[in-house]
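Fit chain B to the known structure of chain A by using the hints.
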Amino acid sequence: MNVLIIEDEKSLGLEIAEYLAKEGFIIDMARRKKSAEEKLFINNYDFILLDLGLPDGDGLDLLKQLKELPNRDDAVIVLTARGALDDRINGLEAGADDYLPKPFALSELLARMHAITRRKHKLEKNEFKVHDFTLNIQNRTVSFGRERINLTKKEFEIFNYLVLNKNRVIPRLNITEHVWGDILEVNSDSNFVDVHVKNLRKKLAQHAPIDWFETVRSIGYRINI
Amino acid sequence: MKLQHKLALYNTFTKIAVIAILGVLIIAFIDRISTSNLQQRLIDKRNKLVSHLSDEEIEELLNKQSTFTDYNILKEEYIELNEVSDNASVNTAPVFTKEKRKIEDETQDYLVLANYFSYGGKTYRLEIGETMLALDRLENTIMFYTLIILLASVILTLAADLAFTRFLLAPFYRIIDQKLNKVDDPIHFNYDYAHTTTDDFRLLDSSINKLMQRISDQLLNQKQFITNVSHELLTPISILRTRLENLLNQPDISEENLNKISASLRTLNRLKAITNSLLLISKIENQQFNKTDRVSMPALIADIYEELEDRIASRNITFENRLQHNFGLTGNQALLHTLCINLINNAIKYNKDNGKIIISDNLTNHSYQLYITDKGIGMDNRQIEQAFNRFAKFNATDTESYGLGLAIVQSIAAFHDISISISSEIGQGTRIGLEFKTH
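Top line first, the protein sequences correspond to chains A and B.
Heads up, the first sequence is in this note's numbering, so the first residue is 1 and it goes up one at a time.
Heads up, the second sequence is in this note's numbering, so the first residue is 226 and it goes up one at a time.
With the rest of the complex left out, here is chain A:
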């Protein structure tokens, strides 16, 4: 899948690119509105990550131009440090598929991209094989063989998030932000995530060994596939 990263901060663009490249995305980058325009007119992308505050213009204009092009179905995720509610509303009204306020977690970006893919194209299979387990995103269930494992909503969310970001260490904080939302001040301690992970692991381990479900001491978790 092709991704165009429109971001004027070079190092931020490069970090995003590095993360996504490992997931097999093909990355294209633009740091100015003008060069972004050129690339947009020439190529089709599966994803456009759009920073609104560009040095030579407003990213929202780019979004509007893109939406005027015929036969385009590029998914757009707006990235902005403005953080204002207006930006979010304007971005979504102008046709963005999602909105991520800076500073965001790369694991969150990836999860959003997966969600958009499922929603828009319905191409990606709704089931993931996680060793002997099957994760169904559509029905939000996890099963072992034919046996359904009874997970709580939060346990499923955590499992799903770790599976989407497989083979990576995901800090607890990223999980908290994803499952509970970004609540100011409130997220300062996220140890209660452990309780859910403990229960999740217990439920999974009843069926098969789960040594692929790693606890990275004092940091977070990793699911190796």
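It should be emphasised that the hints constitute simulated quantities derived from the structure, not laboratory data.
Treat the hints with care, since some could be wrong.
Derived BS3-like pairs (lysine-lysine); straight-line CA-CA distance at most 27 angstroms [what the hints assert, rightly or not]:
{"hint": "1", "chain 1": "A", "residue 1": "Lys198", "chain 2": "B", "residue 2": "Lys485"}
{"hint": "2", "chain 1": "A", "residue 1": "Lys166", "chain 2": "B", "residue 2": "Lys485"}
{"hint": "3", "chain 1": "A", "residue 1": "Lys154", "chain 2": "B", "residue 2": "Lys581"}
{"hint": "4", "chain 1": "A", "residue 1": "Lys198", "chain 2": "A", "residue 2": "Lys153"}
{"hint": "5", "chain 1": "A", "residue 1": "Lys166", "chain 2": "A", "residue 2": "Lys153"}
{"hint": "6", "chain 1": "A", "residue 1": "Lys198", "chain 2": "B", "residue 2": "Lys581"}
{"hint": "7", "chain 1": "B", "residue 1": "Lys435", "chain 2": "B", "residue 2": "Lys448"}
{"hint": "8", "chain 1": "B", "residue 1": "Lys485", "chain 2": "A", "residue 2": "Lys10"}
{"hint": "9", "chain 1": "B", "residue 1": "Lys485", "chain 2": "A", "residue 2": "Lys22"}
{"hint": "10", "chain 1": "B", "residue 1": "Lys581", "chain 2": "A", "residue 2": "Lys153"}
{"hint": "11", "chain 1": "A", "residue 1": "Lys198", "chain 2": "B", "residue 2": "Lys577"}
{"hint": "12", "chain 1": "B", "residue 1": "Lys577", "chain 2": "A", "residue 2": "Lys154"}
Coordinates of chain B only, in the frame set by chain A:
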């Protein structure tokens, strides 16, 4: 004392003084005129008497006794004539005196003309008296009416002065009320000029406007600065966060470095939370949120419980929802959510393991009160005082707190006109009260 009353008093006193002086002058003037009139009359009478005198008459006058006294029926005037042996006083000028005389058991003030003259080799003393009763009466009447006029004018002018100064000063109080008392935010100051024809008040008005303009400019600058700084910080934080996240996933990274990266990520998260909190506070203070959502209190509390139930469970805290009223208000849903979640989160954070949190409410005619009570560690008076200071932390060991939670709570409460009360006792717990005015 109000200026209005001072002015009225001053006017009253000056009027009393003017009228009193005038009254005294008039009385003195009348007294002089009538006295000299009276004197003239006495002299005329005496001349008339003396010029018409004859031996027979004197004989007749002095016939009966050595002294002759005569007075008319109303005792308004009298004549007294007697013979004196001493003739030294002859030809002296007539002397006027004011004396009390008793005539037939009636004492009156008389203006008396005493005069010596010689007639036929004998010296006589002639005394003509004229009563001063009429004069006194006139003076009394004038005095009485002066007093009446004085009183009437004092009352009238006092009332008129009060009414007029009230009218005159009305713009002044309007300016004070609208421009100073009712202003809680210089940014939303009403710069319309108060209607007045008094130049002094116009000056006051425009001076206040100018002052407010300066204050609000500075405040806006300051707020804009905080917004800009916070905003500019978010991009570098973003870069660092993504970079650290990528580093975390480098192959062959040592556990030591992993821990360092993780610690850096936590520090960065703290920076992010502080920045976002400051941004939020300045946005609330800049009134960048609308207040048009219909918010139901029980639903809000239920939502928050759902979000926080893991934290509550992890410390084995009992959460008691004792809400009795289905209270709703118009405000900003997201902000009210943030307000309550911060308070309830504090109630969890500063609680004891196996502790208790009680949510209760009370509805009166004018307000709705929501209470968040915890049986936690509590605060002392000094801590309560400092509770809403930015960056104040209560518990030194609590390194995960950023000290901005209550500052956010306070600005959201101010934005919605909610008053907050704290009562707390060390070791017993804390009760936070939110009072929503219902009018």
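Hint check against the structure, violated hint numbers in rising order: Failing hints: none at all.
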